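Chains as they are written, first to last, in the numbering used here: chain A, 1 to 114; chain B, 1 to 114.
Hints in this document: simulated from the structure, not taken from any laboratory. Values in this document were obtained by computation on a predicted structure and should not be read as measured data. Just to be clear, a hint being listed does not mean it is correct.
What the hints assert, rightly or not - In the DSS-like style, the derived pairs of lysine-lysine whose C-alpha atoms are separated by at most 27 Å in a straight line are:
#: 1; chain 1: B; residue 1: LYS113; chain 2: B; residue 2: LYS77
#: 2; chain 1: B; residue 1: LYS77; chain 2: B; residue 2: LYS52
#: 3; chain 1: A; residue 1: LYS57; chain 2: B; residue 2: LYS106
#: 4; chain 1: B; residue 1: LYS106; chain 2: A; residue 2: LYS9
#: 5; chain 1: A; residue 1: LYS71; chain 2: A; residue 2: LYS14
#: 6; chain 1: B; residue 1: LYS77; chain 2: B; residue 2: LYS56
#: 7; chain 1: B; residue 1: LYS56; chain 2: B; residue 2: LYS109
#: 8; chain 1: B; residue 1: LYS60; chain 2: B; residue 2: LYS106
#: 9; chain 1: B; residue 1: LYS109; chain 2: A; residue 2: LYS9
Stated by the list, open to error - Restraint ranges, calculated between C-beta atoms of paired labels, are given here:
#: 10; chain 1: A; residue 1: ARG77; chain 2: B; residue 2: SER83; range: 35 to 41 Å
#: 11; chain 1: B; residue 1: PHE18; chain 2: A; residue 2: ARG77; range: 45 to 51 Å
#: 12; chain 1: B; residue 1: THR70; chain 2: A; residue 2: THR5; range: 36 to 42 Å
#: 13; chain 1: B; residue 1: THR71; chain 2: A; residue 2: GLY3; range: 29 to 35 Å
#: 14; chain 1: B; residue 1: THR20; chain 2: A; residue 2: GLY3; range: 49 to 55 Å
#: 15; chain 1: A; residue 1: PRO39; chain 2: B; residue 2: GLU69; range: 30 to 36 Å
To be verified - Chain B regions said to be covered by chain A (calculated; three or more residues, Cβ under 8 Å):
#: 16; region: 43–52
#: 17; region: 72–78
Note that beta-carbon positions come from the ideal geometry of N, C-alpha and C, so glycine has one too.
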Amino acid sequence: NAGVTQTPKFQVLKTGQSMTLQCAQDMNHNSMYWYRQDPGMGLRLIYYSASEGTTDKGEVPNGYNVSRLNKREFSLRLESAAPSQTSVYFCASSEEPGLNQPQHFGDGTRLSIL
Amino acid sequence: GNSVTQMEGPVTLSEEAFLTINCTYTATGYPSLFWYVQYPGEGLQLLLKATKADDKGSNKGFEATYRKETTSFHLEKGSVQVSDSAVYFCALSNYGGSQGNLIFGKGTKLSVKP
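Full structure from sequences and hints, please.
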């Protein structure tokens with residue numbers, strides 16, 4: 001089983017360029033999440049989608065937009081990339097939103113903004 | 001608010017040594033607690049979880065007990081292997097924030113030498 005698939009795996013952008021990170025899950029999960037991972041910071045939530053058709057801001061949403069395209073796919077867009085957005089981005093999914101639901105993670109997208 | 005504090009690494013051990021990674025949390029109510037593991041170049045994988053006080057989560061020889069009185073969820077393993085080398089994240093899930101959101105500690109890097 002593929003689980004959570006993220007594309008691309010690596011990307012280098014110039015400041016001001018735009019980009020969309022793609023995420024798809026094949027587990028029929030209702031909830032999906034986007035995190036960023038920075039050295040010494042753990043993971044921080046950017047946006048999440050509790051169910052198809054809904055999206056909400058997380059801890060660090062500024063500079064990002066998301067689209068829950070359908071139940072399987074949840075994309076993250078950087079409209080005008082900034083060096084501060086250099087990070088590793090992880091998409092995750094869970095069966096339902098809730099306290100006891102473990103999240104399943106993709107392998108990440110390593111993004112560098114020059 | 002909700003937060004997770006875990007011991008800073010890196011932690012370097014010899015094979016077959018005993019492992020403890022400390023994790024304490026701050027939360028209102030009754031959060032669920034998780035340990036995730038991240039192997040090099042990969043996404044996070046759920047290692048174990050506990051959903052109520054005094055629960056013990058276990059998997060692959062790792063254990064952690066949910067201690068409400070000390071607000072702790074320390075990770076232990078009796079005999080580590082080289083293959084356990086990874087970054088370990090403690091996390092909690094609680095109401096009051098993004099629904100189903102995970103709050104992560106900063107991660108502890110473990111290196112096991114043969």
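- CA of LYS77 (chain B) to CA of LYS52 (chain B), is that 27 Å or under? Roughly 21 Å between the alpha carbons, so the hint for LYS77 (chain B) and LYS52 (chain B) holds.
- Query: Between ARG77 (chain A) and SER83 (chain B), is the Cβ distance one that fits in 35 to 41 Å?
  - Reply: holds, 38 Å
- Given the hint that LYS113 (chain B) pairs with LYS77 (chain B), test it: the Cα-Cα distance must not exceed 27 Å. Given that 27 Å is the threshold and the Cα spacing comes to 15 Å, the pair holds.
- Query: Taken at face value, is the distance from the CA of LYS106 (chain B) to the CA of LYS60 (chain B) at most 27 Å?
  - Reply: Holds: LYS60 (chain B) and LYS106 (chain B) sit about 22 Å apart, inside 27 Å.
- Message: Please verify whether LYS106 (chain B) and LYS9 (chain A) have alpha carbons no more than 27 Å apart.
- Response: With Cα atoms ~23 Å apart, LYS106 (chain B) and LYS9 (chain A) stay inside 27 Å; holds.
- Query: Holds or violated: LYS56 (chain B) with LYS109 (chain B), Cα cutoff 27 Å?
  - Reply: holds, 23 Å
- Message: Quick check on a hinted range of 29 to 35 Å for THR71 (chain B) and GLY3 (chain A), using CB atoms only.
- Response: holds, 32 Å
- Is LYS71 (chain A) within 27 Å of LYS14 (chain A), Cα to Cα? violated, 32 Å
- Restraint check for LYS57 (chain A) with LYS106 (chain B), where alpha carbons must lie at most 27 Å apart: holds, 21 Å
- Query: Is 49 to 55 Å right for how far apart the beta carbons of THR20 (chain B) and GLY3 (chain A) are?
  - Reply: Violated: the Cβ-Cβ distance is about 30 Å, outside 49 to 55 Å.
- Within 8 Å of chain A (C-beta), three or more residues of the region 43–52 of chain B: Held - the region 43–52 of chain B has 6 residues with a Cβ nearer than 8 Å to chain A, which meets the minimum of three.
- Status of the given 30 to 36 Å range, CB of GLU69 (chain B) versus CB of PRO39 (chain A): holds, 33 Å
In summary, the structure is inconsistent with hints 5, 14 and 17 from the numbered list given earlier, while agreeing with the others.
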